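*Asks:* As a plain string of letters, each chain reads:
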Amino acid sequence: MINLKNAKWNHYINYIVVAAVTIIFAILSLTGFLESSDKYLLEKIAIAITLAVSLSMVVGFLGELSLGHAGFMCIGAYLGGKAAVILEPMLGEWPALIVSLVIGGAVAAIFGIIIGLPALRLRGDYLAIVTLAFGEIVRSIFMNSSKESFGGSLGLDTPRFNKDILFIIAFVMVLATLAVTQNLIRSKHGRAITAIRDNEIAARATGIDVTKYKLLVFAISSFFAGIAGVLYSYSNFTVQSTKFSYNYSIEILVMVVLGGMGNINGAIIAATLITFLDVELQTILTGNLAVLQDLIYALILIVLVIYNNAPALKPFREKYNIKTFIGRFRPHNPSKHKDDEAKWDRVPTKIKMDEVLSVDLQVSSPYTPDKPGKEGK
Amino acid sequence: MSKIVLKTENLGISFGGLKAVQNLNLEIKERQLYGLVGPNGAGKTTVFNMITGVYKPTTGKFWLDGEDLTGKGQETINHKGIARTFQNIRLFNNMTVIRNVMVGLHNQPEFRCNVFTSIFRLPKHFKIERAMRDKAKKILDIVGLLDERNNLSCNLPYGKQRKLEIARALATNPKLLCLDEPAAGMNPHETEDLMKIVRRIRDEYNVTILLIEHDMKFVSGLCDEITVLNFGTSLVQGTPEVALNDPEVIKAYIGG
Ligand SMILES: Nc1ncnc2c1ncn2[C@@H]1O[C@H](COP(=O)(O)OP(=O)(O)OP(=O)(O)O)[C@@H](O)[C@H]1O
Ligand SMILES: [Mg+2]
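If you read the protein sequences in the order shown, they are chains L and D. In terms of our numbering, the first sequence opens at residue 1 and continues consecutively. In terms of our numbering, the second sequence opens at residue 1 and continues consecutively.
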């Protein structure tokens, strides 16, 4: 049984953990205990969490499959990076960072709305294809840009920022992403969004403004992807378009799926683990062994997915899974909780993968008719 | 005589060559319990789909409280005051019972609150959430689902799911509530109970109710007036006693 106290605790656990981790590493960093590779890893992890949490809004809560998240990040990285290059001499490094974060996020959000428009009519596989194409188009536009504008195939060099502080800023952005996402989801607006996911026809008939909410989710999700892009450009000192291929979109999606659809804490953990794995493999396997990086990475992912899903492993999983561990803080079965005052903003987070990826090949016609003669059972 | 809530004039729709509904003229008066009956495939659900904006009628028009709503979208029509339930139940399955009703309350003027109020957790957000919850409980009480409020809606038995759909539709504060086979799949005891609930909703919420039903006992026990549809056209209109005993109607049912 989870009582009121635990329910509140559950709401804030991820902020507390992220904030605590940030503070610990900030102290370590400012007292000189961290190597630059550690700081780089922390930046990467914060960026990955921002991406995974923002994508989980679209995939987990709105229930639309997007394969173009790296595209929004790409827009943020290039536009934020360019803004930083221009503004840094004029404004100084802090204002330039802040303004470029806003610009990168805002422009990505605008594109999020533009991509959200087809999402109003297309769904499932078709939307996945549109978003995938979007990501690739964005990437190739920047790749073919002139040297003066966005650096073309040479990439765009971006300003340097104090590395002792940059990862802290990145983690503050993680907290902002979490706050916006969770506060939105745990509100009447979040309820409307999950209603659209659960049954769009019923949501419309209940007067929910489907257009508004779909575009809102796409805008917020791509806003934070854009922010992650700006942080990425600061983290690497350079933006290379090759980074934002669809592989990377898939990688973000894998984080969301591994974390459990619509499970934000799961997405955070998956993003951390996958990024850690990725960066560590790159450091361990150098020289001739570098060819093994992708192979081992892929193998580990396959093992993780099997571990997460194989029916045979169920009892083992239930005993040792991270989710079960988190589950101590996180309610599973709402029917167990009778104290509804405490759970007024708790969100149903269970959604099955096959619901999200459901093969709904039709370009959504306005309505699937209630079959005549079917009275259900 | 009380005013007319829903009026349709020559309302009709064809799908390709099939004329699913033709020349339908209805006049439903305020606080009336109006029945729409007819054999399978007669076009009853299609009428609902037209007046709730799922389909655009190919001929004719309809008015709610004198306002022409022909061709308007589903959301708009709901905001204007027509709510419905579905023949094939469509609940928000990953939500608890009370949340389903709270989605219905989403657009009520007293619960308006913009996205930023929620994101920044302003006091208004908490106030509204609490008020919505209280209101939802009242509505659940009417349909007898108050004790189920924290269960997932997909775990409810069939009859209760139908009642929850009614509660959700009622939460949108409609002028006209359209119920598509509300008693389907219910046992006689539940049906009896449902009749009481429908009457109580009409009396307490002053809402006009249009319902489709195959259970003739339900229809004649509840409705003031009915229209019998057959092959998309209206056969007879009148009180249940008169209309259901009309030879044309008996023929349609036996023949169909
Ligand atoms: N979208 C559509 N496309 C083609 N035909 C349709 C469509 N919707 C309904 N129809 C047809 O319209 C006719 C009326 O269907 P409708 O669902 O309104 O019947 P009904 O009176 O509700 O029957 P029941 O009692 O079985 O629910 C049927 O012949 C049906 O096949
Ligand atoms: Mg029907």
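For the record, the hints were derived by calculation from the structure and aren't laboratory data. Among the clues, some could well be false.
Unchecked claim - As a list, the in silico SDA-like pairs of lysine to any residue whose alpha-carbon atoms are at most 20 angstroms apart: (1) D:72 to L:86; (2) L:212 to D:111; (3) L:212 to D:160; (4) L:212 to D:137; (5) D:137 to D:116.
Said to hold, decoys possible - Negatives, chain L to chain D, calculated, CB over 12 angstroms: (6) 133; (7) 144; (8) 165; (9) 180; (10) 203; (11) 208; (12) 220; (13) 283.
As the structure is a prediction and not an experimental result, all values here were calculated from the model. All C-beta atoms, glycine included, are put in the ideal place defined by N, C-alpha and C.
*Asks:* Would you mind marking each hint as holding or not holding in the structure?
*Replies:* A quick look at each hint next to the structure:
no.: 1; hint: D:72 to L:86; verdict: 49 angstroms, violated
no.: 2; hint: L:212 to D:111; verdict: 17 angstroms, holds
no.: 3; hint: L:212 to D:160; verdict: 31 angstroms, violated
no.: 4; hint: L:212 to D:137; verdict: 28 angstroms, violated
no.: 5; hint: D:137 to D:116; verdict: 26 angstroms, violated
no.: 6; hint: 133; verdict: 29 angstroms, holds
no.: 7; hint: 144; verdict: 37 angstroms, holds
no.: 8; hint: 165; verdict: 26 angstroms, holds
no.: 9; hint: 180; verdict: 6 angstroms, violated
no.: 10; hint: 203; verdict: 7 angstroms, violated
no.: 11; hint: 208; verdict: 6 angstroms, violated
no.: 12; hint: 220; verdict: 9 angstroms, violated
no.: 13; hint: 283; verdict: 39 angstroms, holds
Checked against the numbered hints above, the structure breaks hints 1, 3, 4, 5, 9, 10, 11, 12 and satisfies the rest.
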